[in-house]
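**Student:** Chain order of the listed sequences is A and Y. Under my numbering, the first residue of the first sequence is numbered 4, with each subsequent residue one higher. Under my numbering, the first residue of the second sequence is numbered 40, with each subsequent residue one higher.
Everything labelled a hint here was simulated from the structure, so no lab data went into it. Possibly wrong hints are sitting among the right ones.
Claimed, not checked - Capping the alpha-carbon separation at 27 Å, the derived lysine-lysine pairs in DSSO-like fashion look like this: (1) A:Lys56 <-> Y:Lys159; (2) Y:Lys71 <-> A:Lys60; (3) A:Lys110 <-> Y:Lys71; (4) Y:Lys119 <-> A:Lys110; (5) A:Lys69 <-> A:Lys42; (6) Y:Lys117 <-> A:Lys110; (7) Y:Lys119 <-> A:Lys70; (8) A:Lys190 <-> A:Lys110.
To be verified - Ranges of calculated distance between the beta carbons of each label pair, as one might list FRET restraints: (9) Y:Lys71 <-> A:Tyr28: 21 to 31 Å; (10) Y:Asn163 <-> A:Glu39: 48 to 58 Å; (11) Y:Arg70 <-> A:Leu77: 14 to 24 Å; (12) Y:Gln74 <-> A:Pro52: 27 to 37 Å.
No experiment lies behind these values; they were computed from the predicted model shown. By construction, the Cβ of each residue, glycine as well, lies at the ideal position given by its N, Cα and C atoms.
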Amino acid sequence: MRKTTLSIPILLAVVIVIVAGCANYALVDEAKKDYERVKNDPAVMMHAPNLLKEAEKQFKIIGNLKKNGASKLLINHHAFIAEQKLVIAEEMATLNKRQDELAEVEKEYQLVLGQVQQAEAQLAKKQAVEARMEADEARRRTEMLSRQLADIEAEKTERGLVVSLRNVLFDSGKSDIKIGAVDNLAKLIRFLLEYRDRNVLIEGFTDNLGARSVNQRLSEQRASAVKQALINSGIKPDRIITRGYGEDYAIADNSSEAGRQQNRRVEVVISDETGTITSRRPVQ
Amino acid sequence: MGIFFTKHRESTVQILFVATLILLTSCANSRKSAQKITDAEIRMQQIEQVEAMDYASAAFQAAQSRLEEARQLVERRKHKKAMLKADEAIVAAELAEVKTLARKADDSLSELKASIASLKEQLNQYRQDQ
Numbered sequence: 004m005r006k007t008t009l010s011i012p013i014l015l016a017v018v019i020v021i022v023a024g025c026a027n028y029a030l031v032d033e034a035k036k037d038y039e040r041v042k043n044d045p046a047v048m049m050h051a052p053n054l055l056k057e058a059e060k061q062f063k064i065i066g067n068l069k070k071n072g073a074s075k076l077l078i079n080h081h082a083f084i085a086e087q088k089l090v091i092a093e094e095m096a097t098l099n100k101r102q103d104e105l106a107e108v109e110k111e112y113q114l115v116l117g118q119v120q121q122a123e124a125q126l127a128k129k130q131a132v133e134a135r136m137e138a139d140e141a142r143r144r145t146e147m148l149s150r151q152l153a154d155i156e157a158e159k160t161e162r163g164l165v166v167s168l169r170n171v172l173f174d175s176g177k178s179d180i181k182i183g184a185v186d187n188l189a190k191l192i193r194f195l196l197e198y199r200d201r202n203v204l205i206e207g208f209t210d211n212l213g214a215r216s217v218n219q220r221l222s223e224q225r226a227s228a229v230k231q232a233l234i235n236s237g238i239k240p241d242r243i244i245t246r247g248y249g250e251d252y253a254i255a256d257n258s259s260e261a262g263r264q265q266n267r268r269v270e271v272v273i274s275d276e277t278g279t280i281t282s283r284r285p286v287q
Numbered sequence: 040m041g042i043f044f045t046k047h048r049e050s051t052v053q054i055l056f057v058a059t060l061i062l063l064t065s066c067a068n069s070r071k072s073a074q075k076i077t078d079a080e081i082r083m084q085q086i087e088q089v090e091a092m093d094y095a096s097a098a099f100q101a102a103q104s105r106l107e108e109a110r111q112l113v114e115r116r117k118h119k120k121a122m123l124k125a126d127e128a129i130v131a132a133e134l135a136e137v138k139t140l141a142r143k144a145d146d147s148l149s150e151l152k153a154s155i156a157s158l159k160e161q162l163n164q165y166r167q168d169q
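Put together the whole structure using the sequences plus the hints.
**Tutor:** As structure tokens, then:
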């Protein structure tokens, strides 16, 4: 009986020693396993060898602590530090790899940026040349327009450019364009063939001889006669509007033949580039 | 009282010496743990500034929880254990920082690659326009 009571504490002590000796250091084992993996990573060896050494240092400390029977808490602490150092080593290798890649990609970026800037400069130069050419062309066209307007004796009025075809004459009471007067239309026709964005309003007028209603019809017929002459020369009808104003808007005294002849006339109003023509103000 | 000291003079001196030694060791441990916690706090502030909580939240939280454990251990006057936890917090913070920098480098790389793609597209457009 006495033997039994003595053997129980001894047995307990033996069990405790065995358990302590075979203590499960899972964190340490895991850290060592990771160390075996990480130490064979060339990137880690290249970029973070010092961190590997720090982990190795922790394993040495763990070894000494085990020999001296240190607490599991302390051993696990060093295992944690070792594990963290290994993960940091891997992350450091990744970081260095990324930084190397960044340096390479940055070079490519600078190269492409340089190409874009060069292309931008070339394009800007080209656009400047084109703009200068366009400006030259516009100036040339403006100069030509001015010359041609001067040629057809266009006057600038509040309604726009007005060509008074004074030489396109009509006999009294007639709407046929006099032979020889057709040539006076030629310049206007050339102008309209050149500037296809311009429309025209043809206005016919008479002297005051005869009935008003007859004169009204006659003025419309005179405007139409000019319209027909333009159409015959290739001007599209939809660019031409005609109006007859009879004996209204006289520009000379109807008491003399010379005055009446001036009043028997046709005026052509040329539109702006948008094709717009301002209407004549009504007679007061 | 006087008779007691005279009789046990040697023992009294020894007790007083041991008590002083314990007190001094305790004070030293207290100072060391406070210093370790301060170091860990500074490290936490540094990784907060690099936005580690967004880029490496798990590592950041691991560091933060260990720092908190260290603070609680100091309150319970377990200074040695507190120092260990503060050390762990510092290493965890170091990991959070490196992870953050690696993720940021990833982002920068993606952004740069996207910029290059965009520039190349622009370049092709310019070449077509010319």
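**Student:** Are the hints correct? Go through all of them and say.
**Tutor:** Here's how the hints hold up against the structure:
{"no.": "1", "hint": "A:Lys56 <-> Y:Lys159", "in the structure": "violated (45 Å)"}
{"no.": "2", "hint": "Y:Lys71 <-> A:Lys60", "in the structure": "holds (22 Å)"}
{"no.": "3", "hint": "A:Lys110 <-> Y:Lys71", "in the structure": "violated (49 Å)"}
{"no.": "4", "hint": "Y:Lys119 <-> A:Lys110", "in the structure": "violated (51 Å)"}
{"no.": "5", "hint": "A:Lys69 <-> A:Lys42", "in the structure": "holds (23 Å)"}
{"no.": "6", "hint": "Y:Lys117 <-> A:Lys110", "in the structure": "violated (55 Å)"}
{"no.": "7", "hint": "Y:Lys119 <-> A:Lys70", "in the structure": "holds (21 Å)"}
{"no.": "8", "hint": "A:Lys190 <-> A:Lys110", "in the structure": "violated (66 Å)"}
{"no.": "9", "hint": "Y:Lys71 <-> A:Tyr28: 21 to 31 Å", "in the structure": "holds (26 Å)"}
{"no.": "10", "hint": "Y:Asn163 <-> A:Glu39: 48 to 58 Å", "in the structure": "holds (51 Å)"}
{"no.": "11", "hint": "Y:Arg70 <-> A:Leu77: 14 to 24 Å", "in the structure": "holds (21 Å)"}
{"no.": "12", "hint": "Y:Gln74 <-> A:Pro52: 27 to 37 Å", "in the structure": "holds (30 Å)"}
The structure fails hints 1, 3, 4, 6, 8 (numbered hints given earlier, in ascending order).
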